[in-house]
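*Asks:* So the protein lines, in turn, are chains A and B.
Numbering-wise, the first sequence is residues 116 to 232 according to this note's numbering.
Numbering-wise, the second sequence is residues 307 to 416 according to this note's numbering.
Please keep in mind that the hints were generated in silico from the structure rather than gathered at the bench.
From a predicted model like this one, the values you see are computed outputs, not experimental measurements.
For glycine and all other residues, C-beta sits at the position ideal for the given N, C-alpha and C.
Check the hints yourself; a few may be wrong.
Simulated pairs of lysine-lysine, DSSO-like, Cα-Cα distance not exceeding 30 Å [what the hints assert, rightly or not]:
{"no.": "1", "chain 1": "A", "residue 1": "Lys129", "chain 2": "B", "residue 2": "Lys373"}
{"no.": "2", "chain 1": "B", "residue 1": "Lys403", "chain 2": "A", "residue 2": "Lys135"}
{"no.": "3", "chain 1": "A", "residue 1": "Lys135", "chain 2": "A", "residue 2": "Lys179"}
{"no.": "4", "chain 1": "A", "residue 1": "Lys129", "chain 2": "A", "residue 2": "Lys179"}
{"no.": "5", "chain 1": "A", "residue 1": "Lys181", "chain 2": "A", "residue 2": "Lys170"}
{"no.": "6", "chain 1": "A", "residue 1": "Lys129", "chain 2": "A", "residue 2": "Lys156"}
{"no.": "7", "chain 1": "B", "residue 1": "Lys362", "chain 2": "A", "residue 2": "Lys135"}
{"no.": "8", "chain 1": "B", "residue 1": "Lys373", "chain 2": "B", "residue 2": "Lys403"}
{"no.": "9", "chain 1": "B", "residue 1": "Lys373", "chain 2": "B", "residue 2": "Lys362"}
{"no.": "10", "chain 1": "A", "residue 1": "Lys156", "chain 2": "A", "residue 2": "Lys179"}
{"no.": "11", "chain 1": "B", "residue 1": "Lys403", "chain 2": "A", "residue 2": "Lys181"}
{"no.": "12", "chain 1": "B", "residue 1": "Lys403", "chain 2": "A", "residue 2": "Lys170"}
{"no.": "13", "chain 1": "B", "residue 1": "Lys362", "chain 2": "B", "residue 2": "Lys403"}
{"no.": "14", "chain 1": "A", "residue 1": "Lys156", "chain 2": "B", "residue 2": "Lys373"}
{"no.": "15", "chain 1": "B", "residue 1": "Lys362", "chain 2": "B", "residue 2": "Lys348"}
{"no.": "16", "chain 1": "A", "residue 1": "Lys181", "chain 2": "B", "residue 2": "Lys348"}
{"no.": "17", "chain 1": "B", "residue 1": "Lys403", "chain 2": "B", "residue 2": "Lys348"}
{"no.": "18", "chain 1": "A", "residue 1": "Lys181", "chain 2": "A", "residue 2": "Lys135"}
{"no.": "19", "chain 1": "A", "residue 1": "Lys135", "chain 2": "A", "residue 2": "Lys156"}
{"no.": "20", "chain 1": "A", "residue 1": "Lys181", "chain 2": "A", "residue 2": "Lys156"}
{"no.": "21", "chain 1": "A", "residue 1": "Lys179", "chain 2": "B", "residue 2": "Lys403"}
{"no.": "22", "chain 1": "A", "residue 1": "Lys170", "chain 2": "A", "residue 2": "Lys135"}
{"no.": "23", "chain 1": "B", "residue 1": "Lys348", "chain 2": "A", "residue 2": "Lys156"}
{"no.": "24", "chain 1": "A", "residue 1": "Lys156", "chain 2": "B", "residue 2": "Lys403"}
{"no.": "25", "chain 1": "A", "residue 1": "Lys170", "chain 2": "A", "residue 2": "Lys129"}
{"no.": "26", "chain 1": "A", "residue 1": "Lys181", "chain 2": "A", "residue 2": "Lys129"}
{"no.": "27", "chain 1": "A", "residue 1": "Lys179", "chain 2": "B", "residue 2": "Lys348"}
{"no.": "28", "chain 1": "B", "residue 1": "Lys373", "chain 2": "A", "residue 2": "Lys170"}
Now the in silico label distances, taken between C-beta atoms and shown as ranges [to be verified]:
{"no.": "29", "chain 1": "B", "residue 1": "Gln337", "chain 2": "A", "residue 2": "Thr132", "range": "30 to 36 Å"}
{"no.": "30", "chain 1": "B", "residue 1": "Ser332", "chain 2": "A", "residue 2": "Asn185", "range": "31 to 37 Å"}
{"no.": "31", "chain 1": "B", "residue 1": "Arg366", "chain 2": "A", "residue 2": "Lys129", "range": "31 to 37 Å"}
{"no.": "32", "chain 1": "B", "residue 1": "Ala374", "chain 2": "A", "residue 2": "Gly131", "range": "50 to 56 Å"}
{"no.": "33", "chain 1": "A", "residue 1": "Pro201", "chain 2": "B", "residue 2": "Asn328", "range": "21 to 27 Å"}
{"no.": "34", "chain 1": "A", "residue 1": "Ala187", "chain 2": "B", "residue 2": "Gly322", "range": "24 to 30 Å"}
{"no.": "35", "chain 1": "A", "residue 1": "Pro201", "chain 2": "B", "residue 2": "Arg334", "range": "36 to 42 Å"}
{"no.": "36", "chain 1": "A", "residue 1": "Ile127", "chain 2": "B", "residue 2": "Lys348", "range": "26 to 32 Å"}
{"no.": "37", "chain 1": "A", "residue 1": "Phe154", "chain 2": "B", "residue 2": "Ala323", "range": "27 to 33 Å"}
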Amino acid sequence: GAVVSQHPSWVICKSGTSVKIECRSLDFQATTMFWYRQFPKQSLMLMATSNEGSKATYEQGVEKDKFLINHASLTLSTLTVTSAHPEDSSFYICSARAERGGTDTQYFGPGTRLTVL
Amino acid sequence: QKEVEQNSGPLSVPEGAIASLNCTYSDRGSQSFFWYRQYSGKSPELIMSIYSNGDKEDGRFTAQLNKASQYVSLLIRDSQPSDSATYLCAVRSNDYKLSFGAGTTVTVRA
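Build the full structure now, drawing on both the sequences and the hints.
*Replies:* The structure is reproduced here in structure tokens:
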């Protein structure tokens, strides 16, 4: 399967600081990447769709000025959580859309666990 | 996002038994369906994808799709302790977004 990496795998920061999370597709080009958030004991919730070379589209209720997304190349998307607060503590997971052999599949990164103190 | 419902867990099965997981979805126009496995503290990994009505088998896993009933299921045969995880049903919309169910936690008893 396709490989997607995320960095960092975990981060602890103070309230009010900004945190950047990187998502990379390692062996394929991804025109579309997705960012999810997962709180404990809950399922994945889509936050935004990241398209290479254009602005990200955000799901209802997700603040675009707080969660900045940049998809600067076909293999890299970044999510910056600005002015993070304890309620932003969560497991952030990206996925990259791969079109291979006539199929279209999302492959997930390993996730980034954010803890805001 | 569209609604995806999974049967409530947790589901506990003895080793070697069949685990049966169910999922229903609200968007009748959906065409692509996925089962992901998620171990605690890890991200989801794709187990099965299914696009046509009927059964699709891959090793010990069988996915079943019935678009008329808006129903997807996953059978795990000969369950192993390593199958203990949360299984997520996902439905893809025409804009390639995935909607996930809440997940069913499966525990395989040795």
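*Asks:* Evaluate each hint against the coordinates.
*Replies:* Structure-based check of all given hints:
| no. | hint | in the structure |
| --- | --- | --- |
| 1 | Lys129(A) x Lys373(B) | violated (48 Å) |
| 2 | Lys403(B) x Lys135(A) | holds (23 Å) |
| 3 | Lys135(A) x Lys179(A) | holds (14 Å) |
| 4 | Lys129(A) x Lys179(A) | holds (21 Å) |
| 5 | Lys181(A) x Lys170(A) | holds (15 Å) |
| 6 | Lys129(A) x Lys156(A) | holds (24 Å) |
| 7 | Lys362(B) x Lys135(A) | violated (40 Å) |
| 8 | Lys373(B) x Lys403(B) | holds (19 Å) |
| 9 | Lys373(B) x Lys362(B) | holds (14 Å) |
| 10 | Lys156(A) x Lys179(A) | holds (25 Å) |
| 11 | Lys403(B) x Lys181(A) | holds (21 Å) |
| 12 | Lys403(B) x Lys170(A) | holds (16 Å) |
| 13 | Lys362(B) x Lys403(B) | holds (23 Å) |
| 14 | Lys156(A) x Lys373(B) | holds (29 Å) |
| 15 | Lys362(B) x Lys348(B) | holds (26 Å) |
| 16 | Lys181(A) x Lys348(B) | holds (25 Å) |
| 17 | Lys403(B) x Lys348(B) | holds (21 Å) |
| 18 | Lys181(A) x Lys135(A) | holds (12 Å) |
| 19 | Lys135(A) x Lys156(A) | holds (24 Å) |
| 20 | Lys181(A) x Lys156(A) | holds (24 Å) |
| 21 | Lys179(A) x Lys403(B) | holds (18 Å) |
| 22 | Lys170(A) x Lys135(A) | holds (17 Å) |
| 23 | Lys348(B) x Lys156(A) | holds (13 Å) |
| 24 | Lys156(A) x Lys403(B) | holds (22 Å) |
| 25 | Lys170(A) x Lys129(A) | holds (28 Å) |
| 26 | Lys181(A) x Lys129(A) | holds (16 Å) |
| 27 | Lys179(A) x Lys348(B) | holds (26 Å) |
| 28 | Lys373(B) x Lys170(A) | violated (34 Å) |
| 29 | Gln337(B) x Thr132(A): 30 to 36 Å | violated (43 Å) |
| 30 | Ser332(B) x Asn185(A): 31 to 37 Å | holds (33 Å) |
| 31 | Arg366(B) x Lys129(A): 31 to 37 Å | violated (47 Å) |
| 32 | Ala374(B) x Gly131(A): 50 to 56 Å | holds (53 Å) |
| 33 | Pro201(A) x Asn328(B): 21 to 27 Å | violated (36 Å) |
| 34 | Ala187(A) x Gly322(B): 24 to 30 Å | violated (50 Å) |
| 35 | Pro201(A) x Arg334(B): 36 to 42 Å | holds (41 Å) |
| 36 | Ile127(A) x Lys348(B): 26 to 32 Å | violated (19 Å) |
| 37 | Phe154(A) x Ala323(B): 27 to 33 Å | holds (31 Å) |
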